[in-house]
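Trainee: One letter stands for each residue in the lines below.
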Amino acid sequence: MKYLYLVWRSLLRRKLRTAFTLLVVFISFVLFAFLMTIRTAFSMGVEVAGVDRLAMMHKVSLIQLLPIAYLRQIQSTRGVELASHATWFGGTYQNKANEFAVMAVDPEAYPKLYPEIRVPEDQLKAWLGDRQGALIGRDIANRYGWKIGDKIPIQATIWQPKQGNTWYFNVDAIYDADKNFDKTNFFFRYDYLDENRRGAYGQVGWYIIKINDPPNAADIAKSLDSQFANSAAETKTSTEKAFLQGFVNQVGNIGFIIKAILAAVLFTLFFLVTAQTMAQSVRERTTEFAVLKTLGFPDGLVLTLVLAEALIIAAVGGALGLGLTWMFISQGGFNNAFLPIFVLTGRDVALGAVLCVTLGVLAGVLPAMAAMRLRIVDALRRN
Amino acid sequence: MSGWIRQTLAVILLGVRTIPRRLGSSAVAVIGVAGVVIVFVAVLSIAEGFRAAVADAGSPDNALVMRSGADSEMTSGLGGPEADLIKQAPGLLREDNRPVASAELYVIVDLPKRTTGTTANVPLRGVESSALRVRENVKIAEGRMFQFGTNEAIVGQGANRQFTGIDLGSEFKSGQLTLKIVGIFTSGGSVAETEVWCDAHLVQGIYRRGNSYQSVLAKLDSAASFDTFRNWLTTNPQLDVQVRRESDYYAAQSTVMTSIIQGIGVTVALLMGVGAVFGAILTMYTAVSTRTREIATLRALGFNTLSVIVSVLTESLALGAIGGLIGGLAAYVAFNGYQTSTMNFQTFSQVAFAFRVTPQLLVTGLVYALAMGLVGGLLPAIRAARLPIPSALREL
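Residue numbers (the numbering used here), protein chains in the order written: chain A, 1 to 383; chain B, 1001 to 1396.
Hints listed in this document are in silico derivations from the structure and should not be mistaken for laboratory results. Check before you lean on any hint, since a few could be wrong.
[What the hints assert, rightly or not] No more than 30 Å apart at the CA atoms, straight line, and that leaves these computed lysine-lysine pairs for DSS-like:
id	chain 1	residue 1	chain 2	residue 2
1	B	K1173	A	K241
2	B	K1087	A	K162
3	B	K1087	A	K96
4	B	K1087	A	K222
5	B	K1113	A	K259
On a predicted model such as this, the values are computed, not experimentally measured, just so you know.
Looking at chain B on its own, in the form it has when it is part of the complex (with noise of 0.2 Å):
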């Protein structure tokens, strides 16, 4: 055994000493390989961020109330008395004998994009003074919080990042809306920061919306009276009304969008990766038969096929993880963390995020790369223990 193992590694020696002689077509299948993993980490990197925002965005201690029948904040309506009930309902937290709960208003407003210059629909939330409290993750960066009773706004740092007109300071105008900016929020880069905050009864207003409401944000006392907070809701005669954890109703809304660019990101990959696999096919196909001396050689010399076999699967396979590591690295610099903005078709709302190289991405990459070179190199392997002896020595 202990025999075979050294012959393997004469074999597989030689080969890789002899590789410089053979650089142009390594490299080719080197590139190829590297190509597709950066493809394919690139793209899946912009859903994982993607997901990542909106998905994680929601609490499982917070409740949203929506009308039923509506499919997101956007969509639902609640009248003002309505919205006073659902703060009454058991299980709620409350504080000094108030409920730590938000009645909101969700619609947008156009601010130009700072990339085309075009306007986007960007997220306008009025909300009550208690949204900071139900929020632990949203946190005043620069600036202060806006007073209630004002036209003052604060803006998510996406947002901020994303489109013109906002800035810290200034005034932005609209038809009958003027909101002035006096603050900078995070929420550890979820969908919140692509808002723009202010007071709910300004949305109202300038929206026509009467005394109404779209969604209350509640948070619950604890994780587990959910079940007793939604029951009390959606059997009360006077409501029609759906409840759901923030946590599940975001995760639901990065579903559709997560799952196209998922779908183009793996079919492109899987195509790209076929080309990819022939291309070291070509490349092994090259090393075996310039080394056709070479091996018969060895084969002659009574060196095992099994070693042959495994000495040109080990080359392959080196060319896949080299190519697979450059790709990941290339992929990682070139795209971590960019940021950019996109609209979210269930919400009709942009929301901004950063590409995320995730490990577990990095991981796949060079999995796929390696079965790039196991496939590329099996053909050529089994030709090179295949040759006849005779002829391939007399070979050239």
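The shape of chain A in the complex, shown without the other chains (with noise of 0.2 Å):
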């Protein structure tokens, strides 16, 4: 501890220097934070998936709907607690950018299929109550200023009403969650949809299965399907899991490029240019380093200090990179529509420290390890 002044003297030797190497660790974490938040948006939610619940779909594709008629032949199936259904409705509001994920779903059981959703009580009823009432999410009430008691436009794309083009809503309740779900889901009655639209009457989108032994899940999803096997509509069930990652798989292997870049972002900046300014920093300093081995400092100290020089350079760059993105993120510094869930999870930024550390020693180990081995006679012969 007593040698920290000197790391901190020998810091400050080339001001400017170590200023500009802070600059690019920082920024080389400002992008790790802000890509792995692009990482977790795009994998939508697929890390906190329930693993209780199935999804059920149509076997030739997500379009095709599925008859009504399934729910009383699901929900008697052994292992099965609680079954509902959903159907997408689209729809934009106001002009067709604003687009977001409208959904026709069964007011009683669906609030039950998902606890992840926090809904008042007394709004909850109101729902109940309310064959145009519409459950929105805290995200997108705030985005469009929507409040309780609100009527909705909303115009049709897919679903068409009797009459005209356009659904109308009263926002009966708006519900909370935790930050890494979805709370940008406008939920209606399908009781609703289903009196008004004008044609597949009885027809539903997809159900969602709760069941109550998910070790068990692809028997369970076996015998699901297996009781709709060579009818008109036949099933694909899935665990929600497998279903979103299903579709994350669509978008391509986000995964993939988001860690190409963070490969050249660490390697090309942080990397690099840390431990070239470390190689620089030590060879200017030779003489230096020979009158502290001359004062007898032992090797492994030598070796210490310069490495105590790179970590802190790496440690106070990414932990402002880190800490302000982190802040900036929360306070819904890139809400946006098409990406709803936009955190920066604990998960990555520990290993966005441990990734610095490492880095860190790693571009000093070579300067330090040249700072070691100086024989003090060359070193001071040099000049």
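Combine both chains into one complex, guided by the hints.
Mentor: As structure tokens, then:
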């Protein structure tokens, strides 16, 4: 600890150089945090998908509908605790650019299937008593300034109402949820959809099925699918996680692209620049190190002193980069319509910290070895 | 003036000759800039490839008719009688007294993606016999066109490459749907190559659509007849439709995805660029400080301050240029033509496309690299010019 002042003085030896190196490290970790957040956003909540929920869709494709009559059969299948359905509505608000997830669901069963959704008791009650009611996420309510009691017009894209082209819903309830759960959904009642659309009566988009024995998910899914085999609407059931993962895979290998960019960032910026700065700084201080050694500083201590310099730069720059980006993101700095879940997870912050320290040590180790190996006689003679 | 130029050239040459002595530190600046350019060019080449595949798919001579309010073919719906009526509109090309128009259905079918093994939303298009006549860029590359009235189908080259189960000669089965693949078609790399085509009546049956379609694609007798065609349809009280040029429809479809990728790419490249500039500044400071005595000597001999500044800037510009060239070249070799597919959220279906490293992207990357070099050299150049000669000569 008593040598900390020595390390501090050597960092201040060339203030400008230290400042620029710090800035490079800072920017590397701003990028790291930003890219990891994008990665989380593109994974669409796969990490938090319920392990006890199955999703059942039409075997040929998700856009084909399933009869609502399946519900009873699903509910009486062994291992099924609770089942309900959802139907994609699409729809836009005011103009075509304002598109968000509008879904028709059963107001009683759906919130029970998703305990992640937190709704005040009285609001939920109001929704149950209002056919035209809607339950909307906190983020979407904030984006458009909607409050309880507002009447919202939604333009139909898929489902035309019997009259005109616009559906009207009352905001009865607003839900909250944890950070990594999508709060931009707009739910309204399936019974209202079914009585006001121009066709496809008694058809739903997909079923969500809560099971009581998650390890047996594969068997339960198989027995569900076999019940509807060879019917007009054959089904494909998978865990919610697998269903979401399949969807994420459709977008492409975002994880790989992000990792490749990060590797480029961390190597070309952080590692090279820090390593170069440390090497340069050690070269300049050859005489000083020789003097330290003459005074009796052991080799190990010289090594530690140089490593400590590299580590301090890495730690300060990295902490500032991660911290400021985290603050910016949690203030809703990047809030956008396309990627609703925009959070920097604790796991990614930890990963960043580990990377930061590792790269700091790696960048400092060669110059530190050089300083340690200096032979006093050679070093002093060099000038 | 010529004396000044000679002076400057002499100083630059001196600088260049000493670069090998500072190879390590110059390499850091070059690699830093190259890294930024690689990321910049690579990410934007994704956006460019996607845009080219989707936006260039339509022809301005074709008009696409959908139900009003629908945001894509997927969400549109037209009854059979409406489709027949649309084909009678004026301005539409007629050959042998028959309209050159195809009433179509656009649905999706789940096929396993080759790279992940999980299923993906592949567009399945039910077409009428004039589909190939309307789309002049679609050519059968292998096999033959399917026969109407059967369950034969043809697949685009991109779909064939990206998804399994639809090889030429194979039979694809899913639920009640069975397709016999008899041909593979191309459409100049555009979005149609991700589609599977079969008889519209087959889709009507399997997807329970009755006698209904989703869109009518019509060839106009000339691009100028578009207004006549549109006005007749939109003022017809029997119809509730929207009419767009096929080219406009596809151009609009690529916007969301393209702007997201471009936004991410430019943000990352700008932030990285700032980092690389700091890297370049450090390198150039090192360059200046190792040549302190040299530069001071030159100035003591009466060399102009400006030529010293220019020489430092030239060196850092050269490092930027080398980095830009290496980065651009590496991005081109590694990514140009790389085949992949993604989900287009505007149509809820897959688009196969190839990364495109265009000359324009490479030029932009190089200009960016030069800018990083220039900014990186400024401060060190000023420092070199301001060195107090006596103390600089005494240093080390």
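Trainee: Confirm or reject each hint.
Mentor: Going down the list of hints, with the structure as the test:
1. B:K1173 / A:K241: With Cα atoms ~26 Å apart, K1173 of chain B and K241 of chain A stay inside 30 Å; holds.
2. B:K1087 / A:K162: Answer holds: K1087 of chain B to K162 of chain A is near 27 Å, not above 30 Å.
3. B:K1087 / A:K96: At roughly 28 Å apart (the allowed maximum being 30 Å), K96 of chain A and K1087 of chain B satisfy the hint.
4. B:K1087 / A:K222: It is violated: about 47 Å lies between the C-alpha atoms, which goes past 30 Å.
5. B:K1113 / A:K259: holds (22 Å)
Of the numbered hints given earlier, the model fails hint 4 alone.
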